[in-house]
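Asker: Fit chain to chain and form the complex, with the hints in mind.
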Amino acid sequence: AQKVTQAQTEISVVEKEDVTLDCVYETRDTTYYLFWYKQPPSGELVFLIRRNSFDEQNEISGRYSWNFQKSTSSFNFTITASQVVDSAVYFCALSEFNAGNMLTFGGGTRLMVKP
Amino acid sequence: DGGITQSPKYLFRKEGQNVTLSCEQNLNHDAMYWYRQDPGQGLRLIYYSQIVNDFQKGDIAEGYSVSREKKESFPLTVTSAQKNPTAFYLCASSIQGQVVGEQFFGPGTRLTVL
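Residue numbers (our numbering), protein chains in the order written: chain A, 161 to 275; chain B, 13 to 126.
For reference, chain B alone in the conformation it holds in the complex (with noise of 0.2 Å):
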């Protein structure tokens, strides 16, 4: 079945750790996107990528990289620099085209910062 895996699930870092979240998809989707949802809150754009070797940041992407050097993946690492990352993170893709089309998201992973 075509679909977004994340993964893992929950994930635990220390402070100082840089750690990478990891997202696949196989709907042959050209856009991916990164978003952070905290309790009780809405979704908040990280990173976004439009097309293979390129992407932008999106609203909140100081202390997070990115990298998407095929089209079926775009991992998010969160680096050291990034004060507060216990939160969820949600990876998304859709097709690129003239008409705006839905956004499908993985299942998400945990991030807890110990």
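Next comes chain A alone, as it looks inside the complex (with noise of 0.2 Å):
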């Protein structure tokens, strides 16, 4: 059975400050995909990275950039000069290829960054 565990509930941080959010993860598959969600206090998850599992190589995107490492079954997300906008719950998500599109969400991390 698949799972990912998100195992920070809330982090604070201060404007500027880099903060990483990490996320472990269960499969039994050798394909599959990871995504990270932002949820902003609106409620809507935003779409933020799909990953699949042949694909090791590091990501970034302006301050975001992800570290998916299949040796230790994680996939973290870091903010760098984090900024008050960036306050959200973020949420880590995994599909089996042969489970469709269906995702299996972490628990979600709460990020607020203080000015």
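Just to be clear, a hint being listed does not mean it is correct.
[As the list claims (entries may be wrong)] Reference listing, derived: stretches of chain B covered by chain A, where coverage requires no fewer than 3 residues with Cβ under 8 Å from a Cβ of chain A:
no. : segment
1   : 92-106
2   : 112-123
[To be verified] Residues of chain A clear of chain B, computed beta-carbon distances all greater than 12 Å:
no. : residue
3   : Asp178
4   : Glu186
5   : Arg188
6   : Asn218
7   : Ser221
8   : Arg223
9   : Ser225
10  : Ser233
11  : Ser234
12  : Asn236
13  : Gln243
14  : Val244
15  : Val245
16  : Asp246
17  : Ser247
The hints are simulated quantities; they were obtained by calculation from the structure and are not laboratory data. C-beta atoms are modelled at their ideal positions from N, C-alpha and C, and glycine is treated no differently.
Answerer: This is the structure we're talking about:
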């Protein structure tokens, strides 16, 4: 069975600090996809990134970067020079290829960036 | 603009009443999903539909029902059998194919039982 664990339930940082959100997953499939979503106070989930299991290359998008390590089953998300607008709940999710598009979500990490 | 709409944004229900939450998408996606989110928790799948006139139960389907008569629409009914319906409900859609694509989410409906 697939499972996603986000051990950090809440993180508080001061603006301009770097912050890393951890995500650990479990799956028996060799082909799977990992996602990160952002949920701002408005409630709607915003897609950030999708990564397939065969691509371990790290990705950077502006202040956001992702570190995918199959050896530790982790897909961590780092925000560099955090801003108040980054305050949100962040979800990591997993989809096994044989499960179609079904997503299993982690419990989420609430990030609070203080000015 | 393409997207997913959910209505209403806030919904209040008396105990024992059935209520229906609306979800419409104009993204031409085949698959649609309903999730429930409780405070401080992740999303749990209620029902999903991969094609018109077909749907499957998710992890927490008891007390809920759905229909998929049109590709664009996937309404969720919260029945009186759902013992603790107060929650935030999110609808999503995605393409259906060999590549797993991201799900696109609506703005959500916050249901409160009075």
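Asker: Next, verify each hint and record whether it holds.
Answerer: Quick rundown of the hints versus the structure:
1. With 4 residues having a Cβ less than 8 Å from any Cβ of chain A, the segment 92-106 of chain B passes the three-residue criterion, so the hint holds.
2. For the segment 112-123 of chain B, the stated coverage by chain A is satisfied: 10 residues place a CB nearer than 8 Å to a CB of that chain, which reaches the threshold of 3.
3. Every C-beta of chain B lies more than 12 Å from that of A/Asp178, the closest at about 25 Å, which supports listing it as non-interface.
4. Distance check for A/Glu186 against chain B: the nearest CB is about 15 Å away, which clears 12 Å, and the non-interface claim stands.
5. Every C-beta of chain B lies more than 12 Å from that of A/Arg188, the closest at about 16 Å, which supports listing it as non-interface.
6. Non-interface status of A/Asn218 relative to chain B is upheld: no Cβ of that chain comes within 12 Å, the nearest being about 19 Å off.
7. Its beta-carbon lying about 14 Å from the closest one in chain B, A/Ser221 satisfies the requirement of being farther than 12 Å from that chain.
8. No beta-carbon of chain B is positioned within 12 Å of the beta-carbon of A/Arg223; the least distance is around 20 Å.
9. Here A/Ser225 stays apart from chain B, with its beta-carbon at least about 19 Å from theirs, past the 12 Å limit.
10. Its beta-carbon lying about 18 Å from the closest one in chain B, A/Ser233 satisfies the requirement of being farther than 12 Å from that chain.
11. Taking the minimum C-beta to C-beta distance to chain B, about 17 Å, the non-interface status of A/Ser234 holds against the 12 Å cut.
12. The beta carbon of A/Asn236 is kept farther than 12 Å from every beta carbon of chain B, the shortest such distance being approximately 17 Å.
13. Distance check on A/Gln243: its Cβ is at least 23 Å (rounded) from any Cβ of chain B, clearing the 12 Å threshold; non-interface status holds.
14. Against chain B, the non-interface label of A/Val244 holds: every CB pair exceeds 12 Å, the least being about 21 Å.
15. With 12 Å as the threshold on Cβ separation, the claim that A/Val245 sits away from chain B holds: the shortest Cβ distance comes to roughly 18 Å.
16. Every CB of chain B is more than 12 Å from the CB of A/Asp246 (nearest about 19 Å), matching its label as outside the interface.
17. With a minimum CB-CB distance of about 16 Å to chain B, A/Ser247 clears the 12 Å threshold, and the non-interface call stands.
Consistency note: the structure conflicts with none of the earlier hints.
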